[in-house]
Every structure is written in structure tokens, then in C-alpha cells.
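Work out the full structure, taking the sequences as your base and the hints as a guide.
Chains as they are written, first to last, in our numbering: chain E, 88 to 291; chain P, 1392 to 1721.
Quick caveat, the hints were computed from the structure, so don't treat them as lab data. Be aware that a few hints might be false.
Stated by the list, open to error - FRET-style restraints, in silico, Cβ to Cβ:
id: 1; chain 1: E; residue 1: 100; chain 2: P; residue 2: 1545; range: 53 to 63 Å
id: 2; chain 1: E; residue 1: 269; chain 2: P; residue 2: 1541; range: 20 to 30 Å
id: 3; chain 1: E; residue 1: 133; chain 2: P; residue 2: 1565; range: 47 to 57 Å
id: 4; chain 1: P; residue 1: 1503; chain 2: E; residue 2: 100; range: 26 to 36 Å
id: 5; chain 1: E; residue 1: 100; chain 2: P; residue 2: 1565; range: 58 to 68 Å
id: 6; chain 1: E; residue 1: 100; chain 2: P; residue 2: 1492; range: 17 to 27 Å
id: 7; chain 1: P; residue 1: 1544; chain 2: E; residue 2: 269; range: 37 to 47 Å
id: 8; chain 1: E; residue 1: 286; chain 2: P; residue 2: 1684; range: 15 to 25 Å
id: 9; chain 1: E; residue 1: 140; chain 2: P; residue 2: 1475; range: 42 to 52 Å
id: 10; chain 1: E; residue 1: 269; chain 2: P; residue 2: 1449; range: 32 to 42 Å
id: 11; chain 1: P; residue 1: 1534; chain 2: E; residue 2: 286; range: 27 to 37 Å
id: 12; chain 1: P; residue 1: 1541; chain 2: E; residue 2: 100; range: 30 to 40 Å
id: 13; chain 1: E; residue 1: 269; chain 2: P; residue 2: 1474; range: 15 to 25 Å
Glycine included, each C-beta is placed from N, C-alpha and C at the ideal position.
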Amino acid sequence: MNDQDRSPPFWDRVQARLDERADPLEDARVRAELCEQPERFAELERLLARLQALEAAPAPPAVPASPSPLGAPVRMRRTVVLAAAAVLLALPAVLWLRRPGDEAVPVPDPPVATGAAGAAATSGEVTRPPRRHVAAPDRLPDALSKPLIPRGVLRHRVSHIYEGAQGRVEHTLDPRGESLRFVPFESESSPLVSSMASIERYRP
Amino acid sequence: MIFASHLFCLPLFLSAAPTQEAPLPPEGVQLRMYDVRDLSLESLVPAPEGESEAERAERRAAEHRAFAEIVFGFAQPPIASHSDASVASTPGGMLVVSGTGQQHGWIEAFLEEQRRAFGALYLMSFRLVSVPSAATEGLGFGGTEPDVFAPLDDAPVEDFLRGVAAIEGAEVLTAPRVACFARQKATVQSLRPTAYVARYELHHNVQPGNLTIADPVIETVQEGFVVEARAIPAGGGLAVLDFSLSMAELEELRPEPTPHGDVAVPLVARHSYESALSMPLGGTAIFGGLETAGVRTYLLVQVEEALPTFEEPERLEEPAGHAPGERRGR
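The following block contains the structure:
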């Protein structure tokens, strides 16, 4: 990638869109410049793939409880206390709502604070890197073993044309039905449109 | 304490419980661009001799357009089913798709399948069977839509051909088998021109002597067939056979007298099939349903197994600084 390819307008625009947590491909100018210079697409694709991988990566380990100059443990402890209090308040209600008849229905267990380590793991989500919005289409996990296009007739049209001295008869069949048309050969004595005849039998 | 917490939490749970399932909003579309330059058939098919740069660019653009048409025509769910979805191609080889997440997922899998089948050969064969209508009872296959059979359950196909062989007056016309790469469109035609006098043109004041002469105008009528076909790998042991078959048969050159001499009126019967079938490799599809002048015409089409090319096509390994799909020089 040379400096010319990294011309400020394109990549600045891409970065600006990413900073807005938006998909750069939704920007019309980004798309226009990609159409003009498709080679940029590869690098943009790699960039988006990296971001996607980052998004899908497991959460980083929780911040250790030891004090640090940044003061994170203090916030962490406060978060832990608040989370534990909320769990303790919610637990009886959850138990009360779980009637005996509901036993067969799997109900997710309520989070239980087992101590500082458990609470820290729960609050670890807070420390995840900011999520970037990148379009992630649904993949077909086993596309090659399963047909991508269902077996059967996708399009079908059969026609039989008989050309005679005065014109031609067209008989067309397709899954919707059939039509039969007579189209006279154009001549001075027989204007084409007024002499045309047709029978159509199409299912609604 | 516990009772108090119940009172405190209960309203929260009730308000969180949905009382009525809200309708899902319609799925939006996303715009994505796919680099399909590596799927170009250019490395497999030699360029026509003496092709100019402009012609080459147009041929490439036409190939990219054809690829976009394939995606548009066969994507699942269909592109046409969503009002905001679209497919386009750029002359440089980018596929620009505005589609739902499901459609993008399908396209990614489809491109993967095309890359897997790149360089493979598909054999397509066409057989026309003409049988006197009175003798077709028991053969079956009279519906409008074709019947598609896999190689393993093709007993009805064999029964059909055995039945045809026993019918007096039945004819089988086998078109040449077409072999081409995946997605490559092949055209096979066999046409025989027949010339005839269509009319006379009068030329007045022809010297010497101010004569009027009637000059016969010769026209030709083509008889034979034209097949255009391509096979598109569809995964799961299926291929889409996308084809059109046109046949023309000169039934009679009927003489018509005119004041200047006889002319001829050609009476021509034309049959055409335009179809796209997703069918198992090695399977057979039987088209029935054309009946004219006491003859029923059946069409049998087959896509045979993909065979590898003799030489592995040179594929891009992505060296540093090269875009995907860019080919190295030979």
C-alpha cells in the first residue's frame, strides 16, 4: 500500500465512519471511490475483517483487584458491590416465580455472586473494547454440502411457432398457463395490430 | 425482608414480561461489494485472435454483467423479492449487491462454490424425441413442466427410452454434447439454409427498348437447431442448467403463382425451449408437452458429472501487495 493509495479523503472517510460505529460501505462516496479503484476494496475488506475478528474475540481478562494508579479497582469494587446487591434482591423473586409446574422448562440460573472472583468475572464485560458496527451477514454454515439452489424447475417456457403464408401462430406454455397468438405478416393490405388474435389461458 | 424484596422486584418482572409479541420489523438491506475478478473465465478461455483492447474490455464487462445476472436470477431468497435489493457489476470486476443478511450469506456461499468448481468441465447433452401422438399413451411426461430425475432414480427415463424404441415412426435427434467450464455459455448450432424465390421486383424502362423486367428476389430460410447452454455449480451435487434450444423445420416450400412467375412460401415450424433447472449431476430432465401436427416432441437434457481439467488452472496466491483475484503472469 503506497501513500497515493492512502490518499486522505478515502481513508479519512472510512475512519470517520468507523468512529461513528457505522458501516463504511454505507457511505456513498466510499462506494464511488471503491468502484473507481477496486484495489482499495481488498485493504478495506481486510480492515473490516480484522475489526470483525476483534468484535468476535473473547472478552479480555478482568482487571486484577490490586490497586493501580488509574483507580480502576475502586470502580471495580463499587461495581461488584452494586451487582451483588442487585443479585441478592432479585434472587427471592426469581425463586418465588419458579413454581413447581415450571420445573420442566429450562430457566437460566440467576447469577450468583460467589465472591470477589465471580463478581469480577461478571463485571468483566464492562472492560470489553467498544463494539464497532460492521455489517456481518448470516453465513450458511454448510453451504457446500447443501444445495444453494433447490432442486427443480427454476424457469421454464416452451413455445411452438408455425409460420405460414399469412403470418405465424405462436403457442407458448409456461408454468402459469398457455397462450396461443396469431401474428399476421405485416403488409399494406393487413395492418399488423388490427389483425392480431390471441387466446390466453393463464392461472390467476 | 424477603417479602419486601418480592414487592420491590415483582413490578420489574411483570413489566419486563412481554404481554404481546411485537411484529418483527422488515429486514433492511446492506450494501456490500464482492471482488469476483478471480472468477473470470479469462484465464481458462483463450482470447479471440486479434482482439483489440476495447473489445477485450467489453468482453470482460459482459462477463461481469453475466455473473451479476446469475446472482440476480438465482439468489436465495430471490433478489427480486425485496424491493430495495439489487445486484450490479462494475466494469472492473466488482459485484455490488444491496441485499439482506440472508442474501449476502447466500452470495458468499455461492462464490465459495464457484471458486471450488473453478476450472471444472460440465458436459451437457440434449436429445429430441419425436413420437406420433397416437402412440404416446403409456409414455407419460405430458405435463407443462419438465420432470427431473437423479441418476439413482432414473428408471422412469430408461423405461421411457425403451418405450420410444418400440414405437414405429419415432425419431431421436441427438444434438452434439456441449462441454464447457462452469458458468461458460456455449453455443452450438447446426443450420442448413434453403434458398427460394420470395417475390419479383419490377424494373421499368430497361434499355434498350423500354422493357419491364421482373427480377426474382432470393431469400433463405434456415433449418436446424441452435443450443445455448451453461451450467452453474449449485452445491450439494447439483448444477443449474440454464439453456435455450431453438429448432426450425422447413415443412414445405409451397409454390404460389404470380403474374411474373412462381414464388415459394416457406412453411416453417419452430420449437423453442427456454429453461433453467437445478438438477443432480448425471441426472436427466424430460420435457413433454409440445404437440403439433400429430407429433409429440419430447426433450431430454442431461448434465453429466464435472470433470477436472487436464491442467490445474493457475490461481492467485496472494503475494504481498497484490489484491485478491489479481493473476500473476504466466
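Against the structure, the hints:
1. 100/E to 1545/P: 53 to 63 Å: The hint (53 to 63 Å, Cβ to Cβ) holds, given that residue 100/E and residue 1545/P are roughly 57 Å apart.
2. 269/E to 1541/P: 20 to 30 Å: violated (41 Å)
3. 133/E to 1565/P: 47 to 57 Å: holds (51 Å)
4. 1503/P to 100/E: 26 to 36 Å: holds (30 Å)
5. 100/E to 1565/P: 58 to 68 Å: With Cβ atoms ~59 Å apart, the hint holds.
6. 100/E to 1492/P: 17 to 27 Å: holds (24 Å)
7. 1544/P to 269/E: 37 to 47 Å: Holds - the Cβ-Cβ distance for residue 1544/P and residue 269/E, about 42 Å, lies within 37 to 47 Å.
8. 286/E to 1684/P: 15 to 25 Å: Taking Cβ atoms as reference, residue 286/E and residue 1684/P lie about 19 Å apart, which means the hint holds.
9. 140/E to 1475/P: 42 to 52 Å: Violated - the Cβ-Cβ distance for residue 140/E and residue 1475/P, about 29 Å, lies outside 42 to 52 Å.
10. 269/E to 1449/P: 32 to 42 Å: With Cβ atoms ~39 Å apart, the hint holds.
11. 1534/P to 286/E: 27 to 37 Å: At roughly 20 Å between Cβ atoms, residue 286/E and residue 1534/P fall outside 27 to 37 Å, so the hint is violated.
12. 1541/P to 100/E: 30 to 40 Å: Given a distance of about 52 Å, which is not inside 30 to 40 Å, the answer is violated.
13. 269/E to 1474/P: 15 to 25 Å: Violated - the Cβ-Cβ distance for residue 269/E and residue 1474/P, about 38 Å, lies outside 15 to 25 Å.
Violated hints, listed in ascending order, are 2, 9, 11, 12 and 13; each of the other numbered hints is respected by the structure.
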